[in-house]
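Trainee: Dock chain B against the given chain A, drawing on the hints supplied.
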Amino acid sequence: MTQEVKTKASFPSVEWFNAIREIVNGEEGFKRLGTCDSTVGIKVPDKGKFYVMTFEAFEISGVRETDEMAAEDTDFWLEISFAKWKEMIENIKANGRADLHHTLNTIDLEVPEGFARSNDGYRRDAFYRFNQTYQYFFDTSAKIDTTFV
Amino acid sequence: MAEASPIPEDLAQVASEKGIPIELIQRALALGFPPDAVKGQLSMPGVTAEAAEQFIGEQERIRAGGEVTVPPELAAVAAEHNWPESLIIRALKLGAQADFLMNQIKAGIAAEQAENFINRQEQAREVGLAATLDLRWMHVPTEWGVRVRPGKKGLTVGAINVGTYADIPDVWPYRTEMPRGAYPIAGVPAMGYSIYEKAELWAENSADLYEEAIQRRWRPSSDIPWETMQDLPVEMEKAVCQVCTWLCEKALLAGDVTGKWLPEMSYGYHEVKLYLASAAYDYAHQFEVARKRALSNGGGMGLQSPGYFHRAVIDARAWTEASVALHILDASHTMMVLQIGEYTAHNEAESQIYRYAMQDVARQIAYGVQHLKFFLMKYHERRAEIHNYLNKSEALFLYEDERDVPLREALTILLGGGISPELMADGHRKLEYFRARFVRDYLARLASAGVPERKTKIHSALRKYVPQEVEAATAAA
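Residue numbers (our numbering), protein chains in the order written: chain A, 1 to 149; chain B, 1001 to 1477.
For reference, chain A alone in the conformation it holds in the complex (with noise of 0.2 Å):
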């Protein structure tokens, strides 16, 4: 797949986020997944990086930087290696979009304590209710141009 790429982001960064954000958000595709309202933390350890994504609706309305602590008060988190993130990325940029063994399910199964996280069982079942919409949002990471820190 190929793709105009206007915008430039450093991963894991606010910016980063934020530049998917801005694209996902004007998209009709990812409207027309349906409505999405949930807390993702997002962690990537051996950076000590944090952040929480909110979806509110049809869009996500807010990504901020975060502490371990806050990242993990969320419905769930999204936790690997970054390795496995640079991993991620880097397959969804080459193929458009995360290929059959890198989708957000696959990684969650081929990690005994799970890719998505959760202190609750209920609140980590979000990860299922609303999978598609949290693939289409790291699919778009194809659309920009990633560095890694």
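FYI, nobody ran anything at the bench for these hints, they're computed from the structure.
All values reported here derive from a predicted model rather than from experimental measurement.
Where is the CB? At the ideal position from N, CA and C, for every residue including glycine.
One should not assume that every hint holds.
Below are the DSS-like pairs computed for lysine-lysine, each with C-alpha atoms no more than 30 Å apart in a straight line [to be verified]:
no., chain 1, residue 1, chain 2, residue 2
1, A, Lys6, A, Lys84
2, A, Lys31, B, Lys1273
3, B, Lys1273, B, Lys1392
4, A, Lys86, B, Lys1430
5, A, Lys143, B, Lys1152
6, A, Lys47, A, Lys8
7, B, Lys1392, B, Lys1260
8, B, Lys1093, B, Lys1152
9, B, Lys1273, B, Lys1238
10, B, Lys1198, B, Lys1260
11, B, Lys1430, A, Lys84
12, B, Lys1093, B, Lys1018
13, A, Lys143, A, Lys6
14, B, Lys1457, A, Lys143
15, B, Lys1153, A, Lys31
16, A, Lys31, A, Lys86
17, B, Lys1152, B, Lys1457
18, B, Lys1457, B, Lys1373
19, B, Lys1152, A, Lys31
20, B, Lys1378, B, Lys1198
21, A, Lys47, A, Lys93
22, B, Lys1153, B, Lys1457
23, B, Lys1430, B, Lys1273
24, A, Lys31, B, Lys1292
Footprint (simulated), chain A over chain B, 3 or more residues, beta carbon under 8 Å [to be verified]:
no., segment
25, 1158–1166
26, 1321–1328
27, 1440–1451
Mentor: Coordinates of chain B only, in the frame set by chain A:
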């Protein structure tokens, strides 16, 4: 000429906009036409003062004893459809237009239906319109003046629960189809519902899940990139088709069970009924997409399942029992099968099928968890009853699981990647890993529903999958 009737302001305004003289309006009202009807006629496109004068003049002539002439074309249509001429004349006397009558006759309105209507109109004309209207219903003592505005997600079912319409009683006192918030009338027969207590069906997320299901709907026919399907080795295609057959059977059963319980639920809890209606639609999706996958890549349907576990769901004597079995245990297992499907997808079409289906199943789980939570909040003394439901469900699940060799082997083949002993061994190892995740998630959901102690009471055959750290923590406690 009849005495001048008062002309409502809005009618006068329409007349003025259309250039119709006020004197004509007064003559129409004097003929007994209701102001709203006159206003409606004037609002029609093409109405002119000349046409209005002609119509009203004709009505006045008829009322004065003048003869009614039936246009030949109308007479022919009436004869063809067995409408007596006398009925046509009565309709014309009431002011019906010939074109309108011809359209009604051609549309299949029977003469008998028309006569009933004409009788009522004539009666109204004789005694005066006001005397025939019963407007007491307009004074119904329900909350009035509600004006909910759409939010970010539009005008949702949850958002319109305002004022008295947000009152959801613990016990619904009516036995009829009356919607919540309406005002009851005496004498309506009971409809035979059996669930009147909120705790027996309620889940706090019902309205949101309904909106979510509607907003996140998908179309198996066009949202799946079917063109990405490719021929698979025979054993893999057979394994995929066996899994699809199982998904089809599960979906039909779940739809039937949901459909069976819906009429038992009284009308006070429409949020639950709406969500479950959407869940029935989701089950149809699951069936549809699994059958389409089975029949679109050179394969076909596989073996039916033994069906022992079906009894746990079908034979449940209470909705909560059915929900615990269907929405928590069974849906958690189905989620595992969908996860394996996505994990072993051979193409984008399969990946999308399982991911979309997971979203639907996750909503079913979400309802089940929140319903059980609400039930236990209201009936904490019935906790042992829930464990009994779970004991029965887990036992039947395991009995089924042991005998459903086709499903187990199909999943093993998919996970291993083939049928050689080495690949099957690898597949078996992976299936055990998935089963452990299934048990972990099942227990986490029950814990969230307020049954954290289930990990100590789970069926012995499933206990080996309980995470060791959980077991250790439980033992220490």
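Trainee: Would you mind marking each hint as holding or not holding in the structure?
Mentor: Cross-check of the supplied hints:
no.: 1; hint: A:Lys6 x A:Lys84; in the structure: 25 Å, holds
no.: 2; hint: A:Lys31 x B:Lys1273; in the structure: 26 Å, holds
no.: 3; hint: B:Lys1273 x B:Lys1392; in the structure: 26 Å, holds
no.: 4; hint: A:Lys86 x B:Lys1430; in the structure: 26 Å, holds
no.: 5; hint: A:Lys143 x B:Lys1152; in the structure: 27 Å, holds
no.: 6; hint: A:Lys47 x A:Lys8; in the structure: 20 Å, holds
no.: 7; hint: B:Lys1392 x B:Lys1260; in the structure: 21 Å, holds
no.: 8; hint: B:Lys1093 x B:Lys1152; in the structure: 54 Å, violated
no.: 9; hint: B:Lys1273 x B:Lys1238; in the structure: 38 Å, violated
no.: 10; hint: B:Lys1198 x B:Lys1260; in the structure: 18 Å, holds
no.: 11; hint: B:Lys1430 x A:Lys84; in the structure: 21 Å, holds
no.: 12; hint: B:Lys1093 x B:Lys1018; in the structure: 26 Å, holds
no.: 13; hint: A:Lys143 x A:Lys6; in the structure: 8 Å, holds
no.: 14; hint: B:Lys1457 x A:Lys143; in the structure: 50 Å, violated
no.: 15; hint: B:Lys1153 x A:Lys31; in the structure: 11 Å, holds
no.: 16; hint: A:Lys31 x A:Lys86; in the structure: 27 Å, holds
no.: 17; hint: B:Lys1152 x B:Lys1457; in the structure: 44 Å, violated
no.: 18; hint: B:Lys1457 x B:Lys1373; in the structure: 18 Å, holds
no.: 19; hint: B:Lys1152 x A:Lys31; in the structure: 12 Å, holds
no.: 20; hint: B:Lys1378 x B:Lys1198; in the structure: 9 Å, holds
no.: 21; hint: A:Lys47 x A:Lys93; in the structure: 22 Å, holds
no.: 22; hint: B:Lys1153 x B:Lys1457; in the structure: 42 Å, violated
no.: 23; hint: B:Lys1430 x B:Lys1273; in the structure: 39 Å, violated
no.: 24; hint: A:Lys31 x B:Lys1292; in the structure: 26 Å, holds
no.: 25; hint: 1158–1166; in the structure: violated (count 0)
no.: 26; hint: 1321–1328; in the structure: violated (count 0)
no.: 27; hint: 1440–1451; in the structure: holds (count 8)
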